[in-house]
Amino acid sequence: MPTPAQVLSIAKISEYLWNDAIPKEKGFFNGTIDPRKAVQLYMEWKALNYGIDQNLSSLSGVSNYVFALCGAKVAIAQEILANGSSGGSVVPGGGGQGVREYSKFAVEGTASITFSEAVNSTLLYASRGGLDVGTIITSGVPTGNQVLWTSSTGTLTVASTVPFYLNEFVRILVK
Amino acid sequence: MAISPSFTASQNSGTPNIIFLTDTSTGTDVTIAKRRVYLLQSNGTYLVPTGTTTDYIDWALVDTTISLNVLIQDTALSITVQWLTSGNVEVASLTTSFAFTAYNETFYYGLTESQVANANLTASTNWYQTKMILRVELDSAYQAISFASDIFSAQAALNRATFISTNQSYFF
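Top to bottom, those sequences are chains A and B. As numbered in this note's numbering, residues -13 to 161 make up the first sequence, in order. As numbered in this note's numbering, residues 10 to 181 make up the second sequence, in order.
What the hints contain is simulated information worked out from the structure, not anything from laboratory work. Please read these numbers as outputs of a predicted model, since none were measured by experiment. Cβ coordinates follow ideal geometry from the N, Cα and C atoms, glycine included. Possibly wrong hints are sitting among the right ones.
[Said to hold, decoys possible] Where chain B lies over chain A, by a calculated footprint (3+ residues, C-beta under 8 Å):
hint : stretch
1    : 24 to 34
2    : 44 to 57
[To be verified] Some chain A residues flagged as far from chain B (calculated, every beta-carbon gap over 10 Å):
hint : residue
3    : ASN5
4    : LYS90
5    : THR136
Bound-form chain A, shown alone:
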């Protein structure tokens, strides 16, 4: 269970997500979400914020209550809180919690590209120019269509014999 301070952050993010979802949902599905959802979250995280500041009694109960109010947005909010807002996204249609997608354009002639948002993550998939790469290795020197994933730095390295071409599109999935 997240700490009250973490719940506060998650609730603020969830408030935004609900605010974003309500008008869309209203347009496409005739509005089945409680329209008060985002307002309610705002009202309750303000109380939680005061409880944290003043170290009030029953803080855990209020924290759990606010966490529950985040509802269906809680997983995405936790994901955003954990990974920041620097380009991470949840894979539509079921990447599931913890799976993120990043993409970049490579510099011509180089053999490695760094995804700072993916530091300390596990590489699940990578593609170059829309084509799947070969075996993902985590040590040694890549050859052929292999790629080396260095988790500690979020760096993807290709074989030096096949460096990136100009603005080659590189896409990865990590968790």
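Please arrange chain B on chain A, whose structure you already have, making use of the hints.
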């Protein structure tokens, strides 16, 4: 180094009647011999503890923090701290506005505690609408202070919030 005046103000939920001021100034000035606090209210009068006969409150230089038992409800104040010579010549002065909201914020927190115990309370439109109005009034007070140092508007919002909390039996 010349003094760069600075102070903070705070309040605790358990003792909402007390304001704590802390001197966070940097630098020194050997001519400073005394320090005073003025608590200006929105009605133009100065708030002082019971028994004080001046408009200001003496704040001894040896005390970094002073506690002032002056509030009976949420209040917006324009607080001025003066650093003076022994001859009462002003060396430095700083004025900052604050909204002291512990009375109503603590009450508001209590409403959320009630919801934790009985989540169905939010189904009552009247109950929840009033809580929302209370939130709006508190936020209005903060914004009046942060955007415009407007203690008059802030106090008006706090008075509306206080009306709700002191007449809670009619609303909740």
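Hint check:
1. Using a Cβ-Cβ cut-off of 8 Å, 8 residues of the stretch 24 to 34 of chain A lie near chain B, which meets the minimum of three, so the contact claim holds.
2. With 5 residues having a beta carbon nearer than 8 Å to a beta carbon of chain B, the stretch 44 to 57 of chain A meets the requirement of three or more and the stated coverage holds.
3. A cut-off of 10 Å between C-beta atoms confirms that ASN5 (chain A) is not in contact with chain B; the least separation is 16 Å.
4. Every beta carbon of chain B lies more than 10 Å from that of LYS90 (chain A), the smallest distance being close to 40 Å; the non-interface claim holds.
5. Non-interface call for THR136 (chain A) relative to chain B: holds, since the shortest CB-CB distance, roughly 46 Å, exceeds 10 Å.
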